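Work the whole structure out from these sequences, hints included.
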Amino acid sequence: RKEVEQDPGPFNVPEGATVAFNCTYSNSASQSFFWYRQDCRKEPKLLMSVYSSGNEDGRFTAQLNRASQYISLLIRDSKLSDSATYLCVVTYNNAGNMLTFGGGTRLMVKP
Amino acid sequence: EPEVTQTPSHQVTQMGQEVILRCVPISNHLYFYWYRQILGQKVEFLVSFYNNEISEKSEIFDDQFSVERPDGSNFTLKIRSTKLEDSAMYFCASSKLGGDEQYFGPGTRLTVT
Chain A
1 RKEVEQDPGP FNVPEGATVA FNCTYSNSAS QSFFWYRQDC RKEPKLLMSV YSSGNEDGRF
61 TAQLNRASQY ISLLIRDSKL SDSATYLCVV TYNNAGNMLT FGGGTRLMVK P
Chain B
1001 EPEVTQTPSH QVTQMGQEVI LRCVPISNHL YFYWYRQILG QKVEFLVSFY NNEISEKSEI
1061 FDDQFSVERP DGSNFTLKIR STKLEDSAMY FCASSKLGGD EQYFGPGTRL TVT
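If you read the protein sequences in the order shown, they are chains A and B. Everything in the first sequence is counted per the working numbering, starting at 1 for the first residue and increasing by one. Everything in the second sequence is counted per the working numbering, starting at 1001 for the first residue and increasing by one.
Derived by calculation from the structure, the hints in this document are not laboratory data. Fair warning: this is a prediction, and the values are worked out from it, not measured in the lab. Quick reminder that beta carbons are idealized off the backbone N, C-alpha and C, glycines included. Hints should not be assumed to be uniformly reliable.
[As the list claims (entries may be wrong)] Now the in silico label distances, taken between C-beta atoms and shown as ranges:
no., chain 1, residue 1, chain 2, residue 2, range
1, A, Gln31, B, Ser1009, 26 to 36 Å
2, A, Gln31, B, Arg1069, 43 to 53 Å
3, B, Lys1096, A, Asp57, 42 to 52 Å
4, A, Arg66, B, Gly1098, 17 to 27 Å
5, B, Glu1101, A, Asp7, 21 to 31 Å
Below you can see the structure in the form of structure tokens.
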């Protein structure tokens, strides 16, 4: 069974804080990994792909640990506009290109 | 920046009626997808489509559902006889190649009464 699990939160943090989310996936036949963000009642928007070597995009850093089957997202210097739900997404070998979504972690950044 | 578009933004229909949800994927993308999200739940995969045929479908995508690319730009999802439990946001997505990042449209909110 292919599951992607996330702590639903909410994570309430002040502006400027650093916050980290983890995500675990159950099936080792995993292929690609992504973080999407979703604002309330809107579509998922691609935040970043997650590579084996880890990757960074501005204030956002993603890490992949295949041995432990988890993915992390670190947000530095949180902004009010970072408030959203962050979705961990995995694709699996031999499963076409279907994205398997976690339930999301809700972040609320407060002034 | 190119975007996936979807129409209508909101569709209200009675149980048992047929609905067609429309999507215009990003123009140079070759892979198309439908997902749905019931309020408060995870985003769920329905179907993927490439080269004018279904390449993958989930258990949700039963005989009541069908997809079509009627012309060079549109990609549609048809639900033949809607049920109350079909009420959800339906998202269309596209990617340039298989395994690439998928970009989502704004969704159609389907309400079945």
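Numbers of unmet hints, in rising order: 2 and 3
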